[in-house]
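Taken in sequence, the protein lines are chains A and B.
Residues are numbered in my numbering as their position in the first sequence, beginning at 1, plus a constant of 750.
Residues are numbered in my numbering as their position in the second sequence, beginning at 1, plus a constant of 49.
Certain hints may be false.
[As the list claims (entries may be wrong)] To list a few chain A residues with every Cβ distance to chain B over 12 Å, as calculated:
1) D778
2) S818
3) Q825
4) A848
5) P870
6) G876
7) K919
8) K921
9) R948
10) Y964
11) T995
12) K1052
13) G1099
14) P1116
15) Y1137
[To be verified] Derived list of chain A stretches under chain B, where covered just means 3 residues or more per stretch with a C-beta under 8 Å from a C-beta of chain B:
16) 781-789
17) 796-809
18) 967-977
19) 1001-1009
20) 1021-1027
Treat the hints as calculated values from the structure; they're not laboratory data.
Model, not experiment: these values are computed from the prediction.
Where is the CB? At the ideal position from N, CA and C, for every residue including glycine.
Chain by chain, the residues run as shown.
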Amino acid sequence: MLRTSLSRLTLAAAISALFAGQASLAQDKIRIGYAISKTGPFAGGAGVTTLPNYQLWVKDVNAAGGISVGGKKLQVEVVEYDDRSNSEEAVKAIERLATQDKVDIILPPWGTGLNLAVGPTFNRLGYPHLAVTAATDRSPEMAKRWPNSFWFLGPSKPGAVALAEVLGKLKAENKIGAKIAMVSVADAFGIELATAARVAFKSAGFELALDKTYPIGTQDMQALLKDAIATGADSFVAFSYPPDTIGITDAARVLGYNPKVFYTAVGTAFPVFKGKFGASIEGVMGVGGWNVSSPALQAYFKRHTESIGREPDRWASPVTYVSLQMLQQAIERVGKIDHSAIIRELQTGTFDTIMGKIKLADNIMPIVWWVGQWQGGEFVGLAPTSYEGAKSPLFPKPVWAN
Amino acid sequence: MLLIDILISGLVLGGMYALISMGLTLQYGVARIMNLAYGEFLVGAAFLAFWLYSDLGISPLAGLIVAVPLAFLANWAIYRYLLTPLVNRAKSRGQLEVDSILATFGLLFIVQGVALVAFGGQYYSYGYLSVPVSVLGTTLALNRLIAFLFAGLIGIGLYLALTRTRTGTAIRAIAINPTAASLVAIDVRTASAFAFALGGALVAAGGVLVSMFLTFNASMGVVFTMKALIVVIVGGVGNVIGALVVGLALGVIETGVTRLVDPGLTLAVTYALFMIVLLIRPQGLFGSPAR
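Produce the entire structure from the sequences given, and follow the hints as far as they go.
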């Protein structure tokens, strides 16, 4: 009795395995997996920029019928893990997605550090690696080492150059003096940006009246700002992370510190920044920005706000969505889940996205807004000034409205 | 002038450190529960304050009236139903510490998970009383000044309650020697539950007050647990005045280092002092020597 039921079980398993095998030959859905920081120190960034856009994109794609592969529209199905902001967890989750869940496509984690950590795994498994929220000077080198990896926020050097371009123009018009007060967070992105900025500011003829770093997690910014005030510099630049960006801005308001140019880095473009400070952020500059006159981006903002229940950040959010649109078009053009063909298409193809026609140059995204500014409740792109939709800066920054 | 400026802004920063540490010193020092979920409770209270303020329009200071009793009851229940079994079976203080660390480590993930489901992973921040006030020529944010005043009031009030009342004396007796305390007819279990719940109420007050000026998200609890742990250990476990004084001193030292030396060294100096105290006075600056 036991024996027969056992053998029936085996038979049933064999049959279902057979069908499962067939199912993967003729797909009826596309399985997309990702490991994202839902807990730990990176959850803040992932929860603002990456996860909402994954969710929005899946919703948009499925609402439109799915991704068309070989003349058939396939719905997207998601497998999600929490990497707990830990690179080992992220690597393990990606291995699991590839070998056990056998997903068709793996989306990247949030942040420069995690994307660098999972790079070798993506490369070994042969999946395309859309390193979206990774801004590092090593991106050209990484793109060469791992041809399956694509870098969407570029190296930090152009970021510093773009900021120096905006400030240099104001200096040339005799609007600001040569002195800049600069503070930076002593962590990966802050260090890279500050290092690049020292060079870029110098070659634009600026002099750093203050150049101090502070540890990550500093909870009182007043002391730092008092040093900046003491320099009397017209321009204040902080290469900061989101909690410090908010802390610095808050302290500047309280101290009544109104330099002509006020720049804070990561987080300036976040909805929480606008939500907290309201109208008083007018004229604040920061990393990011977008072409506010583009109807496609306006529609995206509206969709994001309605679907997620809050606004996207105005830096890497649209870029994340663009990377997913490119992925979808690459899959559709290839017509099947063939990783190396999809990678080739991403390397060479031109894609129609919410940020216009995009063609990657050596696996690197060509459009990265580096300087934006809050103008009339919107974070408009200022630089690089050559981009379509680049606005001129509001100068000087108005006095904080309390 | 610069020194007065450093002293005043440092005291205000230190007030915040003291505020978030006094609850832990009660929970760890008296109830003998090393509560790893401490910071999560703080962040939980910050979320409560955020929700009360942004959705219902209730000011964080009024929110204290809701948050503090609620946290007291919740922490009392946690001690009574979750931690009492551990206390009963523990044969020594060391074993209770290990068990409570494991149990509250689990609690950490539960509280954090609930906050993540309810609020997601993104940053939250709102502005309340973020207006400048001038104290002896130093400009301060009013919300930080209020947090400092609360820290002072709570610290001194608790000190007086612990030294001048019968219950307070009983609580101190338990902090020093629970076995001997029970020999002189102190109800150790009830008093420990009370101390744990009071510590929970204090951390809720701290969470509500710091939410007025700090940016927080569901994953940030550990930052506060770490800071509180340093203050509590340096100040002497179970010593409320120790936590107050060390918290304030830490604020002044950090501000002094930022202004006079280099802001990049504040963390290094904090941890260096922590190590020196551990080496020279392992029981903490205000602690009594271990038995």
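Status of each hint after checking the structure:
Annotated as non-interface, D778/A keeps its C-beta farther than 12 Å from every C-beta of chain B; the closest such distance is 31 Å. Even its closest Cβ contact with chain B, about 32 Å, leaves S818/A beyond 12 Å, as expected for a residue assigned away from the interface. At roughly 25 Å from the closest C-beta of chain B, the C-beta of Q825/A stays outside 12 Å, upholding its exclusion from the interface. Distance check for A848/A against chain B: the nearest CB is about 25 Å away, which clears 12 Å, and the non-interface claim stands.
Every beta carbon of chain B lies more than 12 Å from that of P870/A, the smallest distance being close to 26 Å; the non-interface claim holds. The Cβ of G876/A lies farther than 12 Å from every Cβ of chain B, with a closest approach of about 30 Å, so its non-interface assignment holds. Every beta carbon of chain B lies more than 12 Å from that of K919/A, the smallest distance being close to 30 Å; the non-interface claim holds. Even its closest Cβ contact with chain B, about 27 Å, leaves K921/A beyond 12 Å, as expected for a residue assigned away from the interface.
Residue-level check passed: R948/A sits 15 Å from the nearest beta carbon of chain B, beyond 12 Å. A cut-off of 12 Å between C-beta atoms contradicts the statement that Y964/A is not in contact with chain B; the least separation is 4 Å. A beta-carbon of chain B comes within 12 Å of the beta-carbon of T995/A; the shortest separation is about 9 Å. The Cβ of K1052/A sits about 20 Å from the closest Cβ of chain B, beyond the 12 Å cut-off, so the non-interface label holds.
Under the 12 Å C-beta cut-off, the non-interface status given to G1099/A relative to chain B holds; the minimum distance is some 33 Å. A cut-off of 12 Å between C-beta atoms confirms that P1116/A is not in contact with chain B; the least separation is 29 Å. Remark: the non-interface label on Y1137/A is consistent with the geometry, its nearest Cβ contact in chain B lying 27 Å away (cut-off 12 Å). Look at the stretch 781-789 of chain A against chain B: 3 of its residues bring a Cβ nearer than 8 Å to a Cβ of that chain, three or more, so the hint holds.
For the stretch 796-809 of chain A, the proposed coverage by chain B is satisfied: 4 residues have a C-beta within less than 8 Å of a C-beta in that chain, meeting the threshold of three. For the stretch 967-977 of chain A, the proposed coverage by chain B is satisfied: 9 residues have a C-beta within less than 8 Å of a C-beta in that chain, meeting the threshold of three. With 5 residues bearing a CB less than 8 Å from a CB of chain B, the stretch 1001-1009 of chain A meets the requirement of three and the coverage assertion stands. Under the rule that three or more residues need a Cβ within less than 8 Å of chain B, the assignment of the stretch 1021-1027 of chain A holds, with 4 such residues.
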